[in-house]
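Peer 1: Fit the two chains together into the complex; they arrive one by one in their own frames, and the hints show the way.
So the protein sequences, as listed, match chains A and F. Per this note's numbering, residue 91 is the first one in the first sequence, and the count goes up by one each step. Per this note's numbering, residue 2 is the first one in the second sequence, and the count goes up by one each step.
These aren't lab readings, by the way, just hints derived from the structure by calculation. Nothing here was measured: the structure is a model prediction, and the numbers come from that model. Where hints are given, some of them may not hold.
Said to hold, decoys possible - Only pairs whose alpha carbons sit at most 30 Å apart, straight line, appear in this in silico DSS-like list of lysine-lysine:
1. F/Lys34 to F/Lys10
2. F/Lys63 to F/Lys34
3. F/Lys69 to F/Lys218
4. F/Lys11 to A/Lys122
5. F/Lys122 to F/Lys11
6. F/Lys63 to F/Lys33
7. F/Lys122 to F/Lys34
8. F/Lys122 to F/Lys110
9. F/Lys110 to F/Lys34
10. F/Lys10 to A/Lys122
11. F/Lys202 to F/Lys63
12. F/Lys156 to F/Lys193
13. F/Lys33 to F/Lys122
14. F/Lys193 to F/Lys218
15. A/Lys122 to F/Lys34
16. A/Lys101 to F/Lys34
17. F/Lys69 to F/Lys202
18. F/Lys193 to F/Lys63
19. A/Lys122 to F/Lys33
20. F/Lys11 to A/Lys101
21. A/Lys101 to F/Lys10
These are the residues of each chain, in order.
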Amino acid sequence: MIEMPVIDPEKCDGCGVCVDVCHCHALVLVGKIISVNTTQECDWCTECEIVCITGALSCPFEIVIE
Amino acid sequence: MAIQVDFLKKTPYFSGLNSAALDSIAKLIFEKKVERGEIFLLEGESDEVLYFVASGAVKIFKTSAEGKEQILSIARTGDSFNDVAVFDSGPNLAAAQAMAPVILYGVRKNNLEAIVRDYPKVATNVTGVLANRVRYLVSLVEDLSFKHVMGRIAKLLLEYGGSETGAGQRLTQQDMAAMAGTVREVVGRSLKVLEEEGIIKLDRHRIVITDREALKKVIEAPS
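Just chain F, with the same shape it has in the complex (with noise of 0.2 Å):
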């Protein structure tokens, strides 16, 4: 199947390009189908490609030596992701899960850098890239590491909690990562966490509090 000029005309990395660039970088990416839940770059490894996602969803993750999951990002049509490990002819940073079936653009490192050489816009337009990647990344480690993002979920969680079903306000993820000054990835894994210490209980739509003492200590918790 053709690459669809179209697309990457609207990518980051290839915006403002004329036609006739676009026609001739497009000869050089490949398309890559990968079906719903496969892990088709694995951390660590070395892939030297860099890909776009043309249709569906992509899962960008790291995974603990204890198995514990921390989403990254989510890649969604016309993202691009594995940029690092390209750039730098390192391992791949993290890994990628299909959450759909999805179609990647794929190129090649040395393709990528004939790209780079050929066509300066792309530089800067990667440069862009780069620093937003950064910007996120940095945040995110802010979160994780310096902020008590999981005593600001543990308060809002007693505050929005009902004592019966039906009683509380529903909150999405996305409502309790506004509400904490926090992402949604550092919501999923707070809640994660407090199951895992069986002070809450997610029992499909419902998160149930069945410690209140130990929710407590949470929020009293030097950070």
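Same shape as in the complex, but just chain A (with noise of 0.2 Å):
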């Protein structure tokens, strides 16, 4: 399963930038409040995060010692 954007429902006020920011389509508004579809595309660009003024999405990295 591959990783993507993770959303707390709790924070978000539905603006909707992150949905416009998203270069896959991978955000969508559903009623008020955001969610995720899993996309292969996703490029972990954290442009969403970025963006996300309430701190609803996050891109976490996860760090690796080769």
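Peer 2: In structure tokens, the structure reads:
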């Protein structure tokens, strides 16, 4: 299962800016809350996280020592 | 489309003004729509327009001679940008790119001067906006110039790095910024530098430390 940005629905105010920013159309507004569709095209650009003013969206990195 | 007076009232520039004043000011403001990805303001050029983000988000950034990008800020709904160039009649300090389909409200320099002249409250508001901008940019300069932020980021990558997939704690760039005592923009730049130096590899949602010894040297480097 491919990792996708993490949503905290309680923080989402439904502004929809992240939907407009998302290049791969992974984010959709369901009612007034953001929802994420899993897609291989998400390249973890983190722009959805950057524009989210409420902190509802996050793109955490897994740190791995090779 | 009519300029939304309710929106203007909520911007730091025009807060505290009465409806009649806002109606007059709205007549001097024009709307501009920009597509996602479009760079509509170029660094070094003269535009003489102050913009407010009515909807969407705008990346404000500078580009070095080598093509490296430094994000100065992200302007969101209600935020203004290009203030300095409008007030000092100099070139645009930074470029602006729409991160989404964006609606902007613009005010030309001559109209803004008339607004400031007619409504002294706006002059007070502008002082506050510019003071906040200076405060933020000074802290960014401090981070980029004086602090050994790269070393602190290298340290937390080692501290939080796991030896196998799923073992390490997950951190957003905002988390790393808070832990390193800096801002997200500096974290993004530091990660790019570490990747260019072959010390880490950014693999989608994974930061892979490919040269642990080199990362330790970054931590030990003098500030």
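Peer 1: Taking the hints in turn, state whether each one holds.
Peer 2: Do the hints match the structure? See the list:
1. F/Lys34 to F/Lys10: Holds, at roughly 21 Å.
2. F/Lys63 to F/Lys34: OK: F/Lys63 and F/Lys34 at ~22 Å, within 30 Å.
3. F/Lys69 to F/Lys218: Holds - the C-alpha atoms of F/Lys218 and F/Lys69 are around 24 Å apart, at most 30 Å.
4. F/Lys11 to A/Lys122: 22 Å, holds
5. F/Lys122 to F/Lys11: Status holds; Cα separation ~14 Å.
6. F/Lys63 to F/Lys33: 22 Å, holds
7. F/Lys122 to F/Lys34: Cα-Cα ~29 Å, so holds.
8. F/Lys122 to F/Lys110: 18 Å, holds
9. F/Lys110 to F/Lys34: 19 Å, holds
10. F/Lys10 to A/Lys122: 25 Å, holds
11. F/Lys202 to F/Lys63: Holds - the C-alpha atoms of F/Lys63 and F/Lys202 are around 24 Å apart, at most 30 Å.
12. F/Lys156 to F/Lys193: 16 Å, holds
13. F/Lys33 to F/Lys122: Satisfied, since the Cα-Cα distance of roughly 26 Å is no more than 30 Å.
14. F/Lys193 to F/Lys218: 17 Å, holds
15. A/Lys122 to F/Lys34: 24 Å, holds
16. A/Lys101 to F/Lys34: 28 Å, holds
17. F/Lys69 to F/Lys202: Satisfied, since the Cα-Cα distance of roughly 18 Å is no more than 30 Å.
18. F/Lys193 to F/Lys63: 16 Å, holds
19. A/Lys122 to F/Lys33: Distance ~27 Å between A/Lys122 and F/Lys33 Cα, so the pair holds.
20. F/Lys11 to A/Lys101: 22 Å, holds
21. A/Lys101 to F/Lys10: 25 Å, holds
The structure agrees with every numbered hint stated previously.
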